[in-house]
Amino acid sequence: DVKVTQSSRYLVKRTGEKVFLECVQDMDHENMFWYRQDPGLGLRLIYFSYDVKMKEKGDIPEGYSVSREKKERFSLILESASTNQTSMYLCASSRFPGLAVYNEQFFGPGTRLTVL
Amino acid sequence: AQKVTQAQTEISVVEKEDVTLDCVYETRDTTYYLFWYKQPPSGELVFLIRRNSFDEQNEISGRYSWNFQKSTSSFNFTITASQVVDSAVYFCALSEAYGNNRLAFGKGNQVVVIP
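Sequences listed follow chains W and R, in order.
Numbering-wise (our numbering), the first sequence opens with residue 1 and increments by one.
Numbering-wise (our numbering), the second sequence opens with residue 1001 and increments by one.
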């Protein structure tokens, strides 16, 4: 079974703090993703990575950065947390697309972050 | 740019009724993939189905069925004889062939099954 774990289910931080959200997958997947989920907006892609030390901006990268030093770990960093970053953050991983095969993403349980 | 529309936000049904969730997508690619995910109250998204653009066959898996129609750019999902455990948010998603597996999600359908 593919397992994607996230470091915390719930997190409360103060405005201006630096926040690290960690994600680990155990299936040797090449791709990893960070999304945020907000009511009425669905899931929006923040950043993704298709290899170690590689990263690509998603649809809403502003205010975030990422780090992928090891294949199994993908970190989302909020350099200076703000109240509008209060949200549910979901990490996902997938195998790199093969020829004529597109692989589903497997999701972690999510981290509900509150910024006060 | 790819886009997925799920028009109904919340749907309530009485247990044992059928419920259909509509998904309409937009893409310029001829090769693409469509997905449905379920998000129960626990929060973790669970993969339900993948369909590629060359395969228009409908699919049935237990009480779940999917109807893919390229002519109307739709990939609808039906739950037959709904149960309380079906209460969840359901997301439709689209991935274009050359997007590094990026998914564009619809906004989701909240399904509430009333016992």
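Careful: at least some of the hints might be erroneous.
Chain W is nowhere near these chain R residues, computed Cβ spacing over 10 Å in every case [to be verified]: (1) Thr1009; (2) Glu1015; (3) Ser1042; (4) Glu1044; (5) Leu1045; (6) Glu1056; (7) Gln1057; (8) Ile1060; (9) Phe1068; (10) Asp1086; (11) Asn1101; (12) Arg1102.
To give an idea of the chain W side of the interface with chain R (calculated C-beta under 7 Å), a few residues [what the hints assert, rightly or not]: (13) Gly16; (14) Asp28; (15) Asn31; (16) Pro39; (17) Leu43; (18) Phe107; (19) Pro109; (20) Thr114.
With a Cα cut of at most 27 Å, we get these calculated DSSO-like pairs of lysine-lysine [said to hold, decoys possible]: (21) W:Lys3 / W:Lys70; (22) W:Lys55 / W:Lys71; (23) R:Lys1107 / R:Lys1038; (24) W:Lys55 / R:Lys1070; (25) R:Lys1038 / W:Lys57; (26) W:Lys18 / W:Lys70; (27) R:Lys1070 / R:Lys1003; (28) R:Lys1038 / W:Lys3; (29) W:Lys71 / W:Lys53; (30) R:Lys1016 / W:Lys55; (31) R:Lys1107 / R:Lys1016; (32) R:Lys1003 / W:Lys57; (33) W:Lys18 / W:Lys57; (34) W:Lys3 / W:Lys57; (35) R:Lys1107 / W:Lys57; (36) W:Lys18 / W:Lys55; (37) W:Lys53 / W:Lys70; (38) R:Lys1070 / W:Lys3; (39) W:Lys18 / W:Lys71; (40) R:Lys1003 / R:Lys1038.
These aren't lab readings, by the way, just hints derived from the structure by calculation.
Note that CB positions come from ideal geometry on N, CA and C, so glycine has one too.
Okay, the hints, checked on the actual structure:
{"no.": "1", "hint": "Thr1009", "result": "violated (7 Å)"}
{"no.": "2", "hint": "Glu1015", "result": "holds (26 Å)"}
{"no.": "3", "hint": "Ser1042", "result": "violated (7 Å)"}
{"no.": "4", "hint": "Glu1044", "result": "violated (5 Å)"}
{"no.": "5", "hint": "Leu1045", "result": "violated (4 Å)"}
{"no.": "6", "hint": "Glu1056", "result": "holds (16 Å)"}
{"no.": "7", "hint": "Gln1057", "result": "holds (16 Å)"}
{"no.": "8", "hint": "Ile1060", "result": "holds (19 Å)"}
{"no.": "9", "hint": "Phe1068", "result": "holds (15 Å)"}
{"no.": "10", "hint": "Asp1086", "result": "holds (19 Å)"}
{"no.": "11", "hint": "Asn1101", "result": "violated (5 Å)"}
{"no.": "12", "hint": "Arg1102", "result": "violated (6 Å)"}
{"no.": "13", "hint": "Gly16", "result": "violated (27 Å)"}
{"no.": "14", "hint": "Asp28", "result": "violated (15 Å)"}
{"no.": "15", "hint": "Asn31", "result": "holds (5 Å)"}
{"no.": "16", "hint": "Pro39", "result": "violated (9 Å)"}
{"no.": "17", "hint": "Leu43", "result": "holds (4 Å)"}
{"no.": "18", "hint": "Phe107", "result": "holds (4 Å)"}
{"no.": "19", "hint": "Pro109", "result": "holds (5 Å)"}
{"no.": "20", "hint": "Thr114", "result": "violated (15 Å)"}
{"no.": "21", "hint": "W:Lys3 / W:Lys70", "result": "holds (16 Å)"}
{"no.": "22", "hint": "W:Lys55 / W:Lys71", "result": "holds (12 Å)"}
{"no.": "23", "hint": "R:Lys1107 / R:Lys1038", "result": "holds (12 Å)"}
{"no.": "24", "hint": "W:Lys55 / R:Lys1070", "result": "violated (33 Å)"}
{"no.": "25", "hint": "R:Lys1038 / W:Lys57", "result": "holds (26 Å)"}
{"no.": "26", "hint": "W:Lys18 / W:Lys70", "result": "holds (21 Å)"}
{"no.": "27", "hint": "R:Lys1070 / R:Lys1003", "result": "holds (15 Å)"}
{"no.": "28", "hint": "R:Lys1038 / W:Lys3", "result": "holds (17 Å)"}
{"no.": "29", "hint": "W:Lys71 / W:Lys53", "result": "holds (9 Å)"}
{"no.": "30", "hint": "R:Lys1016 / W:Lys55", "result": "violated (46 Å)"}
{"no.": "31", "hint": "R:Lys1107 / R:Lys1016", "result": "holds (25 Å)"}
{"no.": "32", "hint": "R:Lys1003 / W:Lys57", "result": "holds (18 Å)"}
{"no.": "33", "hint": "W:Lys18 / W:Lys57", "result": "holds (20 Å)"}
{"no.": "34", "hint": "W:Lys3 / W:Lys57", "result": "holds (24 Å)"}
{"no.": "35", "hint": "R:Lys1107 / W:Lys57", "result": "holds (21 Å)"}
{"no.": "36", "hint": "W:Lys18 / W:Lys55", "result": "holds (20 Å)"}
{"no.": "37", "hint": "W:Lys53 / W:Lys70", "result": "holds (8 Å)"}
{"no.": "38", "hint": "R:Lys1070 / W:Lys3", "result": "violated (34 Å)"}
{"no.": "39", "hint": "W:Lys18 / W:Lys71", "result": "holds (23 Å)"}
{"no.": "40", "hint": "R:Lys1003 / R:Lys1038", "result": "holds (19 Å)"}
This entry does not satisfy hints 1, 3, 4, 5, 11, 12, 13, 14, 16, 20, 24, 30, 38, going by the numbered hints stated previously.
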